[in-house]
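J.: Each chain, written out:
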Amino acid sequence: MTPEPTGPTPTSRPSSILSHPLLRNRAVVVLAGAALLVAAFFLYVRLAFPGVRCEAAKHLDAPEKMGDCYGCHVKSTPRVAQDWYEGKHGITLVRCQTCHGQPDGKGAIAFNRSPGVEICARCHAPSMERMEAKFGTRGNCSSCHPNHQNPMHGDAYVNRQATTKTSLD
Amino acid sequence: MECSRRDFLRYMALSAALAAVSGAPLPASAAQQDDKPDTWVKGVCRYCGTGCGVLVGVKNGKAVAIKGDPDNHNKGLLCLKGALLIPVLNSPDRVTSPMVRKAKGGPLEPIGWDEALDLMARKFRAAIDTHGPKSVAYYGSGQCLTEESYLASKIFKAGLRTNNVDGNPRLCMASAVGGYVTSFGKDEPMGTYEDIDHASCFFIIGSNTSEAHPVLFRRIARRKQATPGVKIIVADPRRTNTSRIADLHIAFRPGTDLALMNSMAWVMIHEELDNARFWGKYVAFKDNEGKDCTFDDYKAFLEDYRPEKAAALCHIPEEQIWQAARLFAESPATTSLWCMGINQRVRGVWANNLIHNLHLLTGQICRPGATPFSLTGQPNACGGVRDAGALSHLLPAGRAIANPKHRAEMEQLWGVPEGTIAPDPGYHTVALFEALGKGDIKALLICETNPAHTLPNLNKVHKAMSHPDAFITVIEAFPDAVTLRYADLVLPPAFWCERDGVYGCGERRYSLIEKAVEPPQGCRPTVNTLVEFARRAGVDPKLVNFRDAADVWEEWRTVSKGTTYNFYGMTRERLRKESGIIWPCPDEKHPGTRLRYVRGEDPIVPADHPDKFFFYGRPDGKAALWMRPYQGAAEEPDAEYPLYLTSMRVIDHWHTATMTGKVPELQKANPSAFVEINGDDAKGLGIAHGDACVVETRRDKLTLPARVSDVCRTGLIAVPFFDKEKLVNKLFLDATDPISREPEYKICAARIRKA
Chain B
3 MTPEPTGPTP TSRPSSILSH PLLRNRAVVV LAGAALLVAA FFLYVRLAFP GVRCEAAKHL
63 DAPEKMGDCY GCHVKSTPRV AQDWYEGKHG ITLVRCQTCH GQPDGKGAIA FNRSPGVEIC
123 ARCHAPSMER MEAKFGTRGN CSSCHPNHQN PMHGDAYVNR QATTKTSLD
Chain P
8 MECSRRDFLR YMALSAALAA VSGAPLPASA AQQDDKPDTW VKGVCRYCGT GCGVLVGVKN
68 GKAVAIKGDP DNHNKGLLCL KGALLIPVLN SPDRVTSPMV RKAKGGPLEP IGWDEALDLM
128 ARKFRAAIDT HGPKSVAYYG SGQCLTEESY LASKIFKAGL RTNNVDGNPR LCMASAVGGY
188 VTSFGKDEPM GTYEDIDHAS CFFIIGSNTS EAHPVLFRRI ARRKQATPGV KIIVADPRRT
248 NTSRIADLHI AFRPGTDLAL MNSMAWVMIH EELDNARFWG KYVAFKDNEG KDCTFDDYKA
308 FLEDYRPEKA AALCHIPEEQ IWQAARLFAE SPATTSLWCM GINQRVRGVW ANNLIHNLHL
368 LTGQICRPGA TPFSLTGQPN ACGGVRDAGA LSHLLPAGRA IANPKHRAEM EQLWGVPEGT
428 IAPDPGYHTV ALFEALGKGD IKALLICETN PAHTLPNLNK VHKAMSHPDA FITVIEAFPD
488 AVTLRYADLV LPPAFWCERD GVYGCGERRY SLIEKAVEPP QGCRPTVNTL VEFARRAGVD
548 PKLVNFRDAA DVWEEWRTVS KGTTYNFYGM TRERLRKESG IIWPCPDEKH PGTRLRYVRG
608 EDPIVPADHP DKFFFYGRPD GKAALWMRPY QGAAEEPDAE YPLYLTSMRV IDHWHTATMT
668 GKVPELQKAN PSAFVEINGD DAKGLGIAHG DACVVETRRD KLTLPARVSD VCRTGLIAVP
728 FFDKEKLVNK LFLDATDPIS REPEYKICAA RIRKA
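Chains B and P, in that order, give the protein sequences.
Numbers 3 to 171, taken from the numbering used here, label the letters of the first sequence in order.
Numbers 8 to 762, taken from the numbering used here, label the letters of the second sequence in order.
Just so you know, not all the hints are guaranteed correct.
Said to hold, decoys possible - In the DSS-like style, the derived pairs of lysine-lysine whose C-alpha atoms are separated by at most 27 Å in a straight line are: (1) P:Lys82 to B:Lys90; (2) B:Lys108 to P:Lys733; (3) P:Lys731 to B:Lys108; (4) P:Lys708 to P:Lys629; (5) P:Lys293 to P:Lys629; (6) P:Lys316 to P:Lys288; (7) B:Lys108 to P:Lys66.
Stated by the list, open to error - Residues from chain B that keep clear of chain P, each with C-beta distances beyond 10 Å, as calculated: (8) Gly35; (9) Phe43; (10) Val76; (11) Lys77; (12) Arg81; (13) Val82; (14) Thr94; (15) Thr100; (16) Gly103; (17) Gln104; (18) Gly109; (19) Cys125; (20) Cys146; (21) His147.
Don't read these hints as lab results, they were simulated from the structure.
Built from N, CA and C at the ideal position, the CB exists for glycine as well.
Whenever a hint applies, use it, and build me the whole structure from the sequences.
T.: As structure tokens, this is what we get:
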């Protein structure tokens with residue numbers, strides 16, 4: 003007697019999205035299900051309660067609040083906001099919009115999440131030129147220099163050691 | 008269904024990688040390459056008295072970028088205002104044609120330059136011929152180029168023969184001038200910004216350095232970060248952002264600064280921290296009337312300022328006075344910095360003297376890191392107005408109108424007959440506008456300043472500026488300046504970087520701002536406007552034989568020779584090559600002077616002078632230590648108006664925001680005025696953050712949103728003055744210091760209630 007197959011065999015499985023090889027994996031199904039639930043929840047909140055959408059988004063619609071980036075971001079991105087506040091840019095009041103511009107795009111400088119080197123150069127050109135002469139530069143400064151994390155009392159730049167390196171790699 | 012560990016990890020890694028890629032920053036936009044400037048033009052920032060060097064990037068005749076000048080004192084750094092100057096330079100919101108108001112109350116209409124200048128000259132000439140030279144006046148600015156201020160002062164004093172030449176430095180630096188002159192015989196600090204790099208203690212009083220002089224604040228913070236043991240004392244009724252780096256913050260009651268500082272001196276003597284060797288040799292003790300006294304007289308005078316008594320007066324813990332005095336005196340090198348909190352007081356000159364006293368008593372002076380350094384507010388109050396003598400009691404290079412010898416010197420230098428310059432000083436600013444209101448001033452030229460926004464007791468000033476007999480000409484670049492509402496004639500100037508000229512900043516550094524771009528069609532350099540006006544108004548053409556600012560500079564440079572301001576060594580060419588030079592600088596080889604009054608550093612002190620220090624401004628070569636008594640504000644709070652009202656700045660705006668208001672990032676950061684109130688006070692009054700409140704004084708009232716915080720001490724409310732819709736200067740009174748004639752903007756009595 004031939005043994006009974008112990009589970010559904012490929013030839014007898016119905017053809018549907020659920021037979022996609024990726025979806026046969028339980029972990030993927032669970033994750034996808036969770037993601038779907040979360041997305042559905044946000045969609046529901048957004049559509050059902052337009053007035054209580056994320057507070058930050060509401061302030062973006064209120065132009066008079068646009069200049070108070072910190073006031074919102076201390077709630078929406080608290081770590082970055084706190085790093086800035088405690089760091090040199092925060093102590094010297096180099097406000098968010100000085101480098102990032104305005105989110106409505108109607109500012110004097112283009113709005114950007116990651117300011118380009120020409121923004122840093124306004125104040126830091128001498129250091130950048132020294133850097134360029136010794137090591138060359140990368141496309142942007144923040145890939146090595148943590149813009150918001152330059153604390154008054156931190157060790158960020160203390161451990162400078164003599165080196166014979168001539169490139170950043 | 009099974010998921011092997013390997014598969015699970017693989018899927019996790021895939022999701023993580025996908026997330027990383029979507030979150031990765033975009034590469035620096037290649038499109039920015041199109042904006043790379045062809046050339047960088049050297050200059051100085053348009054804003055505060057810090058005077059940061061800048062390089063303006065120009066491409067195809069347009070300004071496209073700015074960066075700090077690495078060779079100037081700021082070492083390439085800028086604050087957020089300076090970093091955003093290019094949009095101001097490129098703003099289309101400019102006055103581009105002369106305009107005339109044909110009838111009072113009517114609109115301003117465009118006219119041609121010739122017609123405008125003829126009209127202006129006619130009005131001035133008619134006033135002088137009918138009512139005499141005292142019926143005309145010039146009100147200038149610490150934002151004009153040195154060449155413009157020097158030239159205007161010469162035209163009015165030697166050409167039109169009136170000493171009614173004053174300027175907005177009267178409103179901010181006059182008390183500092185008075186302090187330096189009474190203590191040392193000569194105006195201007197004896198140290199430089201470099202002293203910040205050597206100080207071990209900073210005494211910052213009446214200054215919100217972090218918002219008013221940000222790049223200097225950064226330098227102080229850097230000094231503290233780099234050197235262990237540096238101590239910072241901040242004395243200010245408001246606990247501002249500047250206090251973030253303070254070791255000791257003294258929130259004294261407004262107007263008690265004199266008592267605080269006299270008490271610190273008492274502690275220094277009591278603890279025997281005074282430097283007897285220094286004061287024994289270099290200090291002349293003077294009582295309040297100027298009579299010579301001894302150290303013991305001074306000690307007896309200070310008995311009135313024992314710490315327990317002063318602390319009760321100042322409403323501060325007594326321990327703070329002891330601590331501040333010890334920190335100041337025990338540190339190897341102490342630098343004091345102050346600004347409007349000290350100067351805009353009805354006893355501003357006295358307050359300045361008391362700061363100098365602390366340095367003279369302890370010998371913390373004339374050494375690297377040890378100096379009393381007055382912070383200057385405007386970019387060219389020092390170089391253009393103070394040094395060039397464009398005030399109603401001064402002549403160029405520290406000369407005085409009341410001194411016949413000085414008048415004769417200037418008459419000779421300017422090539423005018425003896426007796427040309429009138430012997431009496433003219434109107435100081437508050438008196439000038441009072442005279443305008445009385446009809447005594449028939450023709451007034453206002454240059455590059457906004458008095459209808461910035462003078463105290465504004466309602467009175469607006470009434471004065473509306474006088475039917477007054478013909479007011481205003482040279483102003485921006486059409487939103489409140490002063491234009493009162494102008495009968497408006498002339499459009501070339502703006503910053505649109506013409507060459509020199510600015511002299513707070514550390515005695517003269518820097519050349521080179522022309523970077525052409526001015527808009529219709530705008531002319533003010534030097535040329537002044538020359539044209541003078542010629543048409545009948546001034547001897549010999550007096551105004553200048554083609555441009557460079558010609559004026561040549562003359563002024565020569566006029567400074569032989570004086571203690573001697574900067575003859577600063578030729579135009581040298582200024583073009585270098586990033587500012589610090590005077591005295593007597594010849595072209597001289598590198599400039601960091602420490603004044605010091606043998607071997609200051610070229611005015613003879614190399615073989617027997618003593619190390621020589622305060623050559625005073626007849627006995629010694630500095631004066633003045634016994635100034637405590638005096639509070641002109642208008643203290645009472646039952647009706649129980650709070651102190653003070654004016655303040657925010658970092659985002661400069662003065663009346665005609666420039667910073669053009670930059671959306673700055674405008675939006677602080678779009679309108681507010682009233683800052685202490686949390687406990689607000690709670691007691693039922694005021695919540697954001698509530699509309701009515702702030703009222705004896706002069707006027709304003710409705711402002713409340714900003715509740717712990718910045719103001721109790722009993723104090725503060726309002727910024729940049730907002731032209733909320734002119735807080737209407738609320739202040741125009742009480743002035745009797746010596747300097749500087750108004751007390753920092754204190755008046757007020758009340759507040761929820762609207």
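J.: Now tell me, hint by hint, if it's right for this structure.
T.: Okay, the hints, checked on the actual structure:
1. P:Lys82 to B:Lys90: With a Cα-Cα distance of about 16 Å, the restraint between lysine 82 of chain P and lysine 90 of chain B holds, given a limit of 27 Å.
2. B:Lys108 to P:Lys733: Measuring from Cα to Cα gives roughly 25 Å; hence the hint holds.
3. P:Lys731 to B:Lys108: Given that 27 Å is the threshold and the Cα spacing comes to 23 Å, the pair holds.
4. P:Lys708 to P:Lys629: The hint is violated at about 48 Å.
5. P:Lys293 to P:Lys629: holds, 12 Å
6. P:Lys316 to P:Lys288: violated, 31 Å
7. B:Lys108 to P:Lys66: Status holds; Cα separation ~23 Å.
8. Gly35: holds, 13 Å
9. Phe43: The claim holds: phenylalanine 43 of chain B sits with its nearest Cβ about 20 Å from chain P, beyond 10 Å.
10. Val76: At roughly 15 Å from the nearest Cβ of chain P, valine 76 of chain B sits farther out than 10 Å, so the non-interface label holds.
11. Lys77: Non-interface label stands for lysine 77 of chain B: nearest chain P Cβ at 16 Å, farther than 10 Å.
12. Arg81: holds, 15 Å
13. Val82: holds, 14 Å
14. Thr94: Nearest chain P Cβ is 5 Å from threonine 94 of chain B, so the label is violated.
15. Thr100: Label violated. Min Cβ-Cβ 4 Å, cutoff 10 Å.
16. Gly103: violated, 7 Å
17. Gln104: About 6 Å separates glutamine 104 of chain B from the closest Cβ of chain P, which leaves it inside 10 Å; violated.
18. Gly109: Per Cβ check, glycine 109 of chain B is inside 10 Å of chain P; nearest 4 Å; violated.
19. Cys125: Contrary to the label, cysteine 125 of chain B does not stay out of reach of chain P, its closest Cβ about 5 Å off (not over 10 Å).
20. Cys146: holds, 13 Å
21. His147: Consistent with the label, histidine 147 of chain B stays out of reach of chain P, its closest Cβ about 13 Å off (over 10 Å).
Violated hints, listed in ascending order, are 4, 6, 14, 15, 16, 17, 18 and 19; each of the other numbered hints is respected by the structure.
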